[in-house]
Structure formats: structure tokens, C-alpha cells
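**Q** Given only the sequences and the hints, what does the whole structure look like? Please build it.
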Amino acid sequence: MATSVAAKVSGPAGINAGRAVRRYGWTVAVYVLFATLMVATLIVKPDFGAFEWNTLTLAALPLAFAAAAQTMVVLSGGIDLSVGPLMALANVLALRATVGHDLRYSVGVALLVLLEVTLAGALNGAIIVLTRVPDIVVTLAMSFVWAGLALLVLAKPTPGIPLDFQNLAQGSTFSPWVPNALLLLLVIPLVWIPLRRSRAGLAIYAVGSDRNAAFRSGVNLGLSRVLAYAVGGFFAACGGLALSMTTGVGSPLAGTYYTLSGVSAIVLGGVSLAGGRGGMLGPLAAAYILSLIPAVLIYLGIDPNYGQMIQGVLIVIVVMIGGIGTVLRRA
Amino acid sequence: MSTRAVTMVRLVQQRSIVVLIALLVALAGLIEVIRPGAVNANWVSNILEFAAPLGILAAGQTLVVITSGIDLSVANVATASAYIMASQAPFGVTRGIIAGLLVGIVVGLVNGVGVAVFRVQPLIMTLAMGLVVTGTLNVYSQASVRSVPGVPDVIHTLGSGTVLGYVPVSLFLWALLAAVLIVGLRGTGFGRLLYALGDNPEATRLAGVRGWQVLLANYTACGLLSAVAGIVLAGTVNAADLSLANVLLLPSVAAVVIGGTSIFGGSGSYAGTIVGALILTVLNSVLTLLDVADAVKQVLYGAIIVLLAAAYTRVLGRE
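Quick note, the sequences are listed as chains E and W, same order.
Just so we're aligned, residue 1488 is where the first sequence starts under the working numbering, counting upward by one.
Just so we're aligned, residue 17 is where the second sequence starts under the working numbering, counting upward by one.
Honestly, the hints are just simulated from the structure, not real lab data.
Derived pair list, reagent style SDA-like, types lysine to any residue, alpha-carbon separation capped at 20 Å:
{"id": "1", "chain 1": "W", "residue 1": "Lys-313", "chain 2": "E", "residue 2": "Thr-1743"}
{"id": "2", "chain 1": "W", "residue 1": "Lys-313", "chain 2": "W", "residue 2": "Ile-63"}
{"id": "3", "chain 1": "E", "residue 1": "Lys-1643", "chain 2": "W", "residue 2": "Ala-311"}
{"id": "4", "chain 1": "W", "residue 1": "Lys-313", "chain 2": "E", "residue 2": "Leu-1740"}
A few chain W positions that, by computed beta-carbon distances, are all more than 12 Å from chain E:
{"id": "5", "residue": "Asn-58"}
{"id": "6", "residue": "Ile-63"}
{"id": "7", "residue": "Pro-106"}
{"id": "8", "residue": "Ile-121"}
{"id": "9", "residue": "Ala-194"}
{"id": "10", "residue": "Gly-207"}
{"id": "11", "residue": "Leu-232"}
{"id": "12", "residue": "Ser-301"}
{"id": "13", "residue": "Thr-304"}
{"id": "14", "residue": "Leu-305"}
Label-pair restraints from in silico Cβ distances:
{"id": "15", "chain 1": "E", "residue 1": "Ala-1507", "chain 2": "W", "residue 2": "Val-312", "range": "51 to 61 Å"}
{"id": "16", "chain 1": "W", "residue 1": "Ala-38", "chain 2": "E", "residue 2": "Ile-1680", "range": "44 to 54 Å"}
{"id": "17", "chain 1": "E", "residue 1": "Asp-1589", "chain 2": "W", "residue 2": "Asn-262", "range": "35 to 45 Å"}
{"id": "18", "chain 1": "W", "residue 1": "Val-60", "chain 2": "E", "residue 2": "Ile-1811", "range": "46 to 56 Å"}
{"id": "19", "chain 1": "E", "residue 1": "Tyr-1518", "chain 2": "W", "residue 2": "Ser-61", "range": "52 to 62 Å"}
{"id": "20", "chain 1": "E", "residue 1": "Leu-1599", "chain 2": "W", "residue 2": "Val-225", "range": "53 to 63 Å"}
{"id": "21", "chain 1": "W", "residue 1": "Val-179", "chain 2": "E", "residue 2": "Leu-1740", "range": "39 to 49 Å"}
{"id": "22", "chain 1": "W", "residue 1": "Asn-216", "chain 2": "E", "residue 2": "Ala-1507", "range": "26 to 36 Å"}
{"id": "23", "chain 1": "W", "residue 1": "Asp-257", "chain 2": "E", "residue 2": "Phe-1535", "range": "31 to 41 Å"}
{"id": "24", "chain 1": "E", "residue 1": "Asp-1790", "chain 2": "W", "residue 2": "Val-263", "range": "23 to 33 Å"}
{"id": "25", "chain 1": "E", "residue 1": "Arg-1703", "chain 2": "W", "residue 2": "Arg-51", "range": "47 to 57 Å"}
{"id": "26", "chain 1": "W", "residue 1": "Asn-216", "chain 2": "E", "residue 2": "Arg-1703", "range": "15 to 25 Å"}
{"id": "27", "chain 1": "E", "residue 1": "Tyr-1592", "chain 2": "W", "residue 2": "Val-60", "range": "47 to 57 Å"}
{"id": "28", "chain 1": "W", "residue 1": "Leu-258", "chain 2": "E", "residue 2": "Val-1531", "range": "25 to 35 Å"}
Just so you know, these numbers come straight off a predicted model, no measurement behind them.
By construction, the Cβ of each residue, glycine as well, lies at the ideal position given by its N, Cα and C atoms.
**A** Okay, here's the thing in C-alpha cells:
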């Protein structure tokens, strides 16, 4: 089970084809699925151009961050069902503080919001570690706390995010085909790659794949788990700010959709809910796939209400295929 | 710690339900302090009436949690069942109720196939099925009926009628289901298999149990109970809209956990869940009496659930 950790400890230096397929097969499959969907989109809508691509990247941006947040927590063997409300909290805090200010001030506010919501995420983790109450229960209950706080900050959806700040995501500074919303995703590898290469990152994987073994190897379990929730909170904050930039609105209920969709994206992206297996590449592609589906439905002239249903069915099918794989390997 | 204190702790650990009932009484006392005279027969009747749908919903959740699973689609199923019951009721109330219950059975069956046959993690399987149910319901509501359908009189009576002035009609249904569940979990082979599967699935398999059949039946039962809860709830609030039972997802899990069923499976009882559901309903009543903004209420509700669960884990030394 603990491929990611075991691979570093044992095994010869040579390339092991079986292991490579096990480790990267799913991620490759997800990218193939995304490419297939893009081709299908081009067939359905031949005039798919830079504008449509930009729209897709804007829709996928908050979801990609939600998926990154969930990935962090799930890799450490936990789950965070308060990702959506955390995003909403960041979103409304940003609106309250930036309305009527210039770009420099807004960016300063954004950094502060990132810090605050990172702490909120860390608090989730700390409560779980200190009280030993199961993560599902704590984060489900904390989702009420964060959603309530978001409502206290802002009672109803209000526009007013400064235009310059919105343009950080909505414009395309370099080329119409490389919109800013795509470049903003670079935040994820900038945080993720150094973390994964550090002791702390390895510890998170270790805690997620086998808590006992990690403990006996001298890993500080509590600290690693809190760190995972804190980084999760950071990505959730990025998601909330992404919502501010892409919609221009602060909305206390904006995050609701992202808790479930984030979990869907990581499962589709090949992150094991049992913890310790998976990475960031798969969930990113999955976020794009899940955002592309409603768009394709609109191009096809189908009621977008089918979107949720199709998303659910797609996930059921994918996890069942994954399940068959596990059953067959065991047999 | 003195011997007497140790005995006390042991007694509390073994009889956790006593602690829960004490907490329930304390909460009721708090209401009486905040607003003297508020705790009367009418109040008790109201609490029972609003606890019944939650208690039935949490019944399904208890069954699933005992097998170390979780069902995050219960609220979506309850909403969909109530809506479909109400929209089919004009063609006959019986047809409406059967259609509503069928929703629960079908969704529960699919959940069961995913979890038991395909070995999908319960969390993701039920989450995805919740998406499917809500998505399908949205499409159905737009295709079939434009307005929110009304609730038939029979269901309204079931959900909010009273006998002898104070005893809610729904309490009879709840009590019946509770009796079946409590006796069934303790006294039947199926019930004990649920505990066995939750405690040690490998040992259960080696003992010759076809675990997948048990799980399949269990998730189907959970779906059916969710459907019943949704229909009762529609009667209680006398409406069946597209988000009817969605607020009950957290309480359904919280009632199980507060009631002493381990989320890791293998232990717990429905009796505990009943008290858990009552505590949560009374807690809601306390928060309503506090007369604060909805947002504050929400924050307090979440925080208190964390505190209760933490205290429970600490005091009783369970996880």
C-alpha cells in the first residue's frame, strides 16, 4: 500500500515498469481523459477559441485550489469537509477589506487573508489531534463554524472586488492562450514541490500511509497532521481569493459547492482516500475535467442541470473501476 | 485516583447512556433557567416531533457506521423521497409513498453495490450518489412540476399530528422502528454480523460470512430509513422543497457519534443515537431561545458539537 514511502526506502535503483505503472498510470489516464474530452469539445464546438479556453481556466481555478486543499489533508490520512466554508470565509474577508481600495492594498489584504485562513485550517487540524475526535466529525462540525463566521463577515452576496485585483485572474498578460488564471495555478507547485521534497512532506505521506510505522520511525504525528491541515487551509484560502478574482463578488455561500467537488476531483485525480498515495498532478487535471463537463453540456444545448448528475455518475463509474482494480489485484 | 473514583469512571464508561440522559436533562434545565416555564408538556411534544425525522435518519446512519462505513447521501435521499412522494401524491397517496420509498431503496442498493461488491470507500461512494440524487432531482423537478408540490393530508398528520393532545403521531412510527432496530441489532444474527463486520471484516470473512450480502442489505436498509425520515419530515414542516432535509446531514452523523457509536465501527447502539438526536434537537431549541443572529447560532451549533464529541472521547476514553 505504501508505495510512495517504500519506494524511497527499498528497491534497486533500476526502473521498475510495474511500479511505474502503479504510481503514474492513473495520473496519465486522467490526462488522457482530459485530452479526449478536449478533443470532443473541439468536435462539438469547432470555434472553441482563446475566449472559451479563458472561461474554462477561470471556472477551474477555484476548484483546482479546492482539490489541492483536500489533497494535502487526504495525503496525511485525514479529510476536511470544511474546505468550502473556508473558501467562503477567505472570499468574504477579501471583499470586506478590499472594497474601494487600489491594487497594492488589495494584494496586501490578500496576503493577510491567506494567513488567517491558513490558521483556520491549522485550527481544524489541532482540534482533531488534541481531542482525538474523528476528522469527519470535527471538520463537518467546523464547517458550520466557518460558514457561520463567513455569514457574520458578510450577510449577503455583495459585489465590489477592485477591478485591478480581478484582472490578476481574468486578464491574459502574456498570450490569449496563456490566461492569468492558468498561471495562478503555479502557486500550487511553488508550495507543493519544496514541501514534498522536505522532511515535513515525507512525514505527511508517512503519517497518511501507516501511522504506526511513521510513529516508530520517529515522525511527530500530531505536528505533521496539523501541518497538512494548515497547508490545506492555505490552498482553501487561495481558492477563496480565486473566487473573489474570478467573480468579483464576495458571497458567504460561495464555497458550498467546492467541498464535494474538491473531494470528487481528488478521487478522480487518483488520490487514495485511505491516505498516503497520490500527488497534485492528477487532481489538477480532474478539476479541469469537472469544469469542462458543464461547458460541454451548454455547447451541446443540454440543460446544465444535468451537470451535477453527470459529475456524480462519472465519479461513481471511476471509483468502481478503481475498486475492480483493487479487487482483482487482491484475488 | 481513589478506588471509589475509579469505580465511578468505570460505571460511567459502561453506562454511557446515563451520562447522555443527564446531559439531556441539563440542557432542558438550561432552557427552564433562560425562560422559566418554557419546559412543559407542549415543549416536550414539540421536541419529540422534531426529533423523530432526525432520529429515523440517524437510524440508517447508525446501521452503516456500525459496519465502519458512513452514508453522506442520507440527507439527499430524504429530500428526494419527500419531493417525489409529494409530486406523485396527486395520483394517489399510496402511489406517492411507494414512489418515495422506492427512491430510498434504489439509492441504498446502488450504494451497497458500490461499497460491498466494488469495494469503493463508503465516503466517496455515498458522496457521489448524493450528487447523482440531487442532480437527478433537479432535472426531475424542472421536467415534471413547476411549483413546489403540496404535502398530502395523511403525511401531514403523520409528521405533525398529535394524539391525546401531546403525543406526536410520528413518535409511534419512530418507537416502532426503534424497537425493531434495538432488538434486531442485539438479538438477530444479522445485527451481530453488522458489529462483526465493523470490528474485524477479515475475521468475519474467515468465519464464512458473505460480507458483501450483509453490507448490501445494510446500505439498502439505510436508504429505506432515509426515505422514511424524509417523508416524515415533509409532514412535520408541511412542505417538500428541493433542500428539505439537507440541513440534517451533519446532525445525522453527530447524533450517532454523540450517542456513543464509534465511527470506526464495531460498537454502539441505536438507543444511544436516539438520545443523541434528542440532545441535538434540544440544543437547537436552546439556541433558538438565545435569540441571536442565525450566523451566530450556526457557529455555536458547530462549536458545541465539537465540544460534546471531544468531552465524550475524553471522559469515556473512546475514539
